[in-house]
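2 protein chains.
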Amino acid sequence: MDAAFYSRTTLSPEEAAEHDAVFGALTRATRALADAQLRTEVDRDEAAKVTSEIEALTDRLLRRARDGALGTELGPGPTEVRNHGNAVMGLRNPFASIDVARKWVDDAKHVHAELLLDGLYEGPPGLVHGGVSALILDQMLGEAAAVGGGPGMTGRLTLHYRRPTPLGELATEAWLDSTTGRKSIAKGQIRDAEGNVTVEAEGLFILPRWATEHPEWTSREKTFE
Amino acid sequence: MDAAFYSRTTLSPEEAAEHDAVFGALTRATRALADAQLRTEVDRDEAAKVTSEIEALTDRLLRRARDGALGTELGPGPTEVRNHGNAVMGLRNPFASIDVARKWVDDAKHVHAELLLDGLYEGPPGLVHGGVSALILDQMLGEAAAVGGGPGMTGRLTLHYRRPTPLGELATEAWLDSTTGRKSIAKGQIRDAEGNVTVEAEGLFILPRWATEHPEWTSREKTFE
Chain B
1 MDAAFYSRTT
11 LSPEEAAEHD
21 AVFGALTRAT
31 RALADAQLRT
41 EVDRDEAAKV
51 TSEIEALTDR
61 LLRRARDGAL
71 GTELGPGPTE
81 VRNHGNAVMG
91 LRNPFASIDV
101 ARKWVDDAKH
111 VHAELLLDGL
121 YEGPPGLVHG
131 GVSALILDQM
141 LGEAAAVGGG
151 PGMTGRLTLH
161 YRRPTPLGEL
171 ATEAWLDSTT
181 GRKSIAKGQI
191 RDAEGNVTVE
201 AEGLFILPRW
211 ATEHPEWTSR
221 EKTFE
Chain C
1 MDAAFYSRTT
11 LSPEEAAEHD
21 AVFGALTRAT
31 RALADAQLRT
41 EVDRDEAAKV
51 TSEIEALTDR
61 LLRRARDGAL
71 GTELGPGPTE
81 VRNHGNAVMG
91 LRNPFASIDV
101 ARKWVDDAKH
111 VHAELLLDGL
121 YEGPPGLVHG
131 GVSALILDQM
141 LGEAAAVGGG
151 PGMTGRLTLH
161 YRRPTPLGEL
171 ATEAWLDSTT
181 GRKSIAKGQI
191 RDAEGNVTVE
201 AEGLFILPRW
211 ATEHPEWTSR
221 EKTFE
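Residue numbers (my numbering), protein chains in the order written: chain B, 1 to 225; chain C, 1 to 225.
Bound-form chain B, shown alone (with noise of 0.2 Å):
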């Protein structure tokens, strides 16, 4: 892996900022029809005609568009990254779980979310599948080991499923437990509507030598808030 990896952006803050209001809310459309695509209970034709417009839609879209991955890109500010990509929490991408509208720092450097967890994120019936938990809690751990100073990637993760998550609102919770050198503790949780908390979670999360050297890396990780 190349620390290079950190592209600056080249827009502003006034473009960054309408380019993010036009494709977010794309995303939130795409998030929309996913669910709705689940749910519906249309008669067949009129689901292959859907499917059909779909299929139009997805070819406008491609007329101009990027290879692969989004990335990470640094900026328009110091401390700004776009990483909107990410699997749980990417602002154009539909699978993402955290809404960082819904995601805090709390003055003990707790990194709290709150979520909504509908039929998509389903394992057994009616109950969060327990890798989505797993993928959340990652997330929120990699994130609380930076916010807490001790940034890396993960190393080990851990996951202990108390009771079953059922779907709706749910909370999580993430902290660094410890640091020692390039290695972090980090510890999580994630609880149901009354409270109850369903799965623990404990990583250990390494920044990797490279890394150490290399001043963007922690700046990033430390702005993950």
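No wet-lab data here; the hints were simulated from the structure.
Here the structure is a predicted model, which means the values were calculated and not measured.
All clues given are correct.
Any copy, or any two copies together, can satisfy a pair, since identical chains are not distinguished.
As a list, the in silico DMTMM-like pairs of lysine to aspartate or glutamate whose alpha-carbon atoms are at most 25 Å apart:
#	residue 1	residue 2
1	K49	D35
2	K49	D99
3	K183	E200
4	K103	E14
5	K103	E194
6	K103	E73
7	K49	D59
8	K103	D192
9	K183	E202
10	K49	D20
11	K183	D107
12	K49	D67
13	K49	E14
14	K103	D177
15	K183	D106
Put chain C on the given structure of chain B with help from the hints.
Showing chain C alone in chain B's frame:
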């Protein structure tokens, strides 16, 4: 959680096949749109127009739709399971990363799948999100436990990240390691295109007490392949 959550479909085998062909195509089209809207660089006017058209299609699909998640249906045959909403491999879930057509069980009852993970699964630039690897391995280990005769719900899951997982073509494999009473240990891994193991996982799966008295749970789990 109620053991009565498995209803039996009223669709005949022919109706089920037709239904799945049409709604599977709708989901694949939505998946392609999700990818296109991530990568598109069309101008803002065109993006806004496509957004409006997506919203209109969503409205059409919601004219007749169920309220909540799909859950799991049994049938139409005696051993078939319709968990089409599943976040990792559901036929009607555009987030699904495992294509059941690229998944198989070998003679030793190891579960295998080939994966193509694109930009929608990104974490660090160019790399699979660590939580996405966890999501996939939770599903794979759960299936391997069931296929091996030790079905259950995830009790604990530990991921060891051995090296970065690049976006692109990957392979995953999981197997039942041991079973003691209602508890099973399953193990698995993700490998990159060169065959290097990038992530290893170990999971504890526990069969709920009520399920041991409920024949449909065990029959469902055993037909996961």
